[in-house]
Amino acid sequence: MSDPTRPKGPKIIAVANQKGGVGKTTTAINLAAALVEEGRKVLIVDIDPQGNASTGLGIEAERRTRTTYDLLLEEAPLNEIVLETSIDGLLIAPGTTDLSSADIEMVSNEKRSFLLHDALRQPAIDAFGLDFVLIDCPPSLNLLTVNAMVAAHSVLVPLQSEFFALEGLSQLMLTIRELRQTANPALRIEGVVLTMTDRRNNLSQQVENDARAYLGELVFQTVIPRNVRVSEAPSYAMPVLDYDPMSKGAQAYRALAREMLGSKPAMTA
Numbered sequence: 001m002s003d004p005t006r007p008k009g010p011k012i013i014a015v016a017n018q019k020g021g022v023g024k025t026t027t028a029i030n031l032a033a034a035l036v037e038e039g040r041k042v043l044i045v046d047i048d049p050q051g052n053a054s055t056g057l058g059i060e061a062e063r064r065t066r067t068t069y070d071l072l073l074e075e076a077p078l079n080e081i082v083l084e085t086s087i088d089g090l091l092i093a094p095g096t097t098d099l100s101s102a103d104i105e106m107v108s109n110e111k112r113s114f115l116l117h118d119a120l121r122q123p124a125i126d127a128f129g130l131d132f133v134l135i136d137c138p139p140s141l142n143l144l145t146v147n148a149m150v151a152a153h154s155v156l157v158p159l160q161s162e163f164f165a166l167e168g169l170s171q172l173m174l175t176i177r178e179l180r181q182t183a184n185p186a187l188r189i190e191g192v193v194l195t196m197t198d199r200r201n202n203l204s205q206q207v208e209n210d211a212r213a214y215l216g217e218l219v220f221q222t223v224i225p226r227n228v229r230v231s232e233a234p235s236y237a238m239p240v241l242d243y244d245p246m247s248k249g250a251q252a253y254r255a256l257a258r259e260m261l262g263s264k265p266a267m268t269a
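Using the UniProt record's numbering, the first residue of the sequence shown is number 1, and each one after it goes up by one.
Calculated cross-link-like contacts (lysine-lysine; reagent style DSBU-like; alpha-carbon spacing at most 35 Å): (1) Lys111 <-> Lys19; (2) Lys111 <-> Lys11; (3) Lys19 <-> Lys41; (4) Lys248 <-> Lys11; (5) Lys41 <-> Lys248.
It should be emphasised that the hints constitute simulated quantities derived from the structure, not laboratory data.
Sequences and hints are given; from them, build the entire structure.
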């Protein structure tokens, strides 16, 4: 029996946290690779001006002739943007530093919050046969991130296990609630995933305990450990699942993908 709650077409997930250095791009790349291992076809949409998801998947600058900037501001067709990666079943819409000016350029557009929503609902997307679209957001609650949340069915929040980790989360949750009331009533929290965790460290353990006490079922059971292999993998332009398949980091992202694909529902904030 088909699931009536499943969106038509691919499920679109914004990977977002306005705080930098929380493992957002790392999570987007490795979760996508883990979902591909589970037999799903995935597109990463890189709307971070740093373009780290594109670099981390080996997309050289000279290959980025059309990017998400063109998708958003030039109404370029999706099939002119999307590139194959070295991983069969994992595609990317690359980003570049051109996106740095996108916020200013979008302000005068009356549909400024819906540009990515409309771009990802072009009929052309059906030709890719996607199961998931993961949007790698910039580390801020700017107009690019708002576009991602308006386009998405749900938001996945990487949360670093460090002091002050929960402080910025309230603003992110508030933004999600505001967008639900205005632009995207169906937006949900896919979940909060704890990253860079060392359970031997008292602070990491305390942050995890606080997050679970504060957020309850919103927090995934899977925790991503602090793992040197995860940090090394981007410099070789590959996910940790390919760089060191048996590492703790790779195993954790596989577990996260399985948990996401399982019975755990997306929760409201």
